[in-house]
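J.: In case you want the letters, here they are:
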Amino acid sequence: MHPSETQNERALEAEKVSKCYPRGGDRHWALREVSLGLERGASLGLVGANGAGKSTLLRVLSGATPPSSGRYRTRGRVASLLELGAGFHPDFNARENVLMNGVLLGASRRAVRAATDAVLAFAELEHVAGEPLRTYSSGMAMRLGFAAALSVEPEVLLLDEVFAVGDLVFQKKCVDRLHAFRERGGTLVFASHSLYDLRQMCDRALWLDAGRVMEAGDAAAVTNAYAAWAGSGGGRGTDPRLAPSEPAGAEPAVTAIEVRDAHGVPVEVLASGSDVEIAIWFRNPRPGAALQLGLTLTRQDGTLAAGLGTHLSSADEGRSTLRGARGQVRLRLPRLALLAGTFTVTAHLFDERGVHRWHERVHDSTLRVTNDSREVGLVRLAHRWSQQEEERAA
Amino acid sequence: MRGAPGRLWRSRDLVWTFVARDLGARLRGTALGPLWPLIHPLALFAAYGFVFSTLLGIRMPGTAAELGHAYGVYLFTGTLVWAAFSEATSRAATSIVDHRHLVQRTAFPGEVLPFEIVLSTTVTQLIAVLAFVLACVLTPLWPAPGASLVWLPAILVLQVTFTSGLALGLAALHVVRRDVAQIWSVVLTFFMFATPLFWVASSDVLPGIETWLPWIEWNPLHHLLRAWRAVLMGGAPVGLFTESPAPALLAFAPFAVAALVAGLGLFCGLERRFTDET
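Here the protein sequences line up with chains A and B, keeping their order.
Each step along the first sequence adds one to the number in the working numbering, with nothing skipped, and position 394 is 394.
Each step along the second sequence adds one to the number in the working numbering, with nothing skipped, and position 102 is 102.
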């Protein structure tokens with residue numbers, strides 16, 4: 001197929017796909033009439049609680065298991081990372097395992113052999129390539145699995161929670177690799193519990209619960225809807241902002257975010273240097289436990305512009321902890337130092353020590369900062385130029 | 001059902017990789033490495049020769065007196081084929097279930113698993129055949145097989161056909177009924193004694209066998225063993241084994257085809273249940 005022919009074609013299509021498993025003499029519907037369509041180059045995130053059907057959907061789309069009813073279609077080579085390091089054997093060395101893994105994912109021996117050096121380089125395992133896999137740490141083996149799976153050059157990639165691979169440096173490499181994959185026109189389906197990763201990687205999202213599609217559409221909107229639902233105890237509450245008297249959910253949650261200008265008017269566009277106030281509403285069903293609030297501003301290219309927290313600030317800046325069953329926190333940012341750009345505002349609710357993250361909520365609309373000056377960069381640093389003449393012309 | 005052979009052919013790289021791994025895995029880390037597949041059959045050959053011919057002095061009627069080791073050779077050639085058959089089918093029976101992590105989570109043709117086991121046991125068997133030929137050439141035990149070796153490809157194709165059929169069927173059945181592998185190991189025990197492995201299907205050797213001979217014709221392995229022995233022992237100047245392997249192969253072929261058709265049918269019929277029930 002020529003790229004021109006497939007440009008606007010759907011890389012992935014599912015129509016009323018259902019999957020039923022026998023379970024203890026009974027029938028368990030893991031998927032119920034799930035429909036989706038994904039253009040070439042698009043990326044879809046799957047969210048949902050454990051057992052919601054995310055993995056089953058990926059398994060059906062990968063062709064590993066046939067749907068009980070419904071139809072699905074994929075175009076191009078599909079690679080799934082549902083089983084990281086498929087076919088790995090502890091007694092064989094890295095090269096042999098990469099070969100097995102690649103061939104299992106559908107590549108030819110010749111193609112895998114040709115790509116093996118690049119795989120080893122990406123996994124940073126060239127120096128131990130001849131050693132049997134059993135001598136590797138689990139992190140090394142996972143790195144090898146990830147690198148091998150990405151090397152088969154798929155057109156559609158199905159990922160299931162694989163970002164817990166390797167150390168932070170390697171995770172960053174994986175993310176870069178996935179971005180490169182998407183830029184080449186690759187289609188991605190990605191199931192994750194990390195809503196942050198999901199929003200970074202995907203433009204669209206599908207929220208599954210008990211095998212049904214709860215919501216599908218824009219990634220930020222769907223993940224927020226899911227986070228609100230999960231924060232309210234899973235389906236028993238509605239949108240917390242709309243129903244202030246809803247029964248308390250199981251876990252602390254950020255219920256709303258508002259960005260306001262100097263006059264207290266909610267805004268989406270702000271001039272660099274103006275005063276800003278961000279209001280954050282939270283709910284804490286365990287008022288006994290104190291909470292910490294964090295706020296991040298992320299530019300559209302993924303650069304973290306600022307990360308503030310009630311536990312990170314000084315006493316002058318209002319260092320505090322959040323108490324009470326519900327409340328509102330206001331963060332004043334005088335003379336906003338950000339330069340032009342579009343920013344995502346995310347509020348994070350942490351435990352008392354700022355270690356465990358209870359909840360995060362992305363502000364529904366992005367914040368666009370404009371500036372009149374021609375300065376470039378992320379922030380406008382407070383500054384002053386001065387000049388001293390060392391020598392006066394005679 | 002028509003899809004499975006085609007898929008096997010398209011995944012020949014995968015089959016070959018599995019076979020290479022299967023053979024390699026057993027030799028990993030051993031000092032003698034590739035010599036082991038030769039050492040095993042040679043040791044077995046020596047043991048059979050010593051026990052049955054030297055110690056017990058069992059003689060095969062109808063063979064030349066100088067071929068005192070006929071019974072040992074007879075046993076060895078039978079064991080060679082039987083070992084490949086029983087190992088392939090019993091390992092294949094659990095192959096799908098054993099690889100459930102692959103079957104459930106990756107889209108690869110499941111028939112590769114039983115099939116590669118059949119191939120890798122056949123390779124092991126061929127190494128034993130090589131060991132036998134070497135022993136015949138290097139020692140005066142038995143006249144080395146000569147022209148009869150041209151029958152090897154035909155025998156191998158039919159043997160792989162037959163064994164693959166059983167392997168596919170057993171592997172598929174075991175997914176649905178986990179007793180299958182156990183039942184098969186019991187069946188194999190009876191099968192072994194019902195096959196002329198230790199005894200000779202000839203009334204010249206065993207006078208009491210006469211009434212059973214028509215029944216033995218229904219045992220496919222009887223024909224397979226006859227063919228193998230005709231090839232491997234056919235170098236003897238006189239006696240039981242100078243027949244051509246052709247009639248035995250002709251008798252075996254329908255069994256082989258029937259086994260493959262039945263096995264493939266079972267496999268393809270049950271395949272949809274693999275991911276859910278492994």
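To be clear, the hints were calculated from the coordinates, so they are not data collected in a lab.
Built from N, CA and C at the ideal position, the CB exists for glycine as well.
One or more of the hints may lead you astray.
Here are some of the chain B residues that sit facing chain A, going by a computed Cβ distance under 8 Å [stated by the list, open to error]:
| # | residue |
| --- | --- |
| 1 | 5 |
| 2 | 17 |
| 3 | 23 |
| 4 | 101 |
| 5 | 105 |
| 6 | 107 |
| 7 | 178 |
| 8 | 272 |
J.: Check each numbered hint against the structure and report the violated ones by number, ascending.
T.: 1, 3, 7
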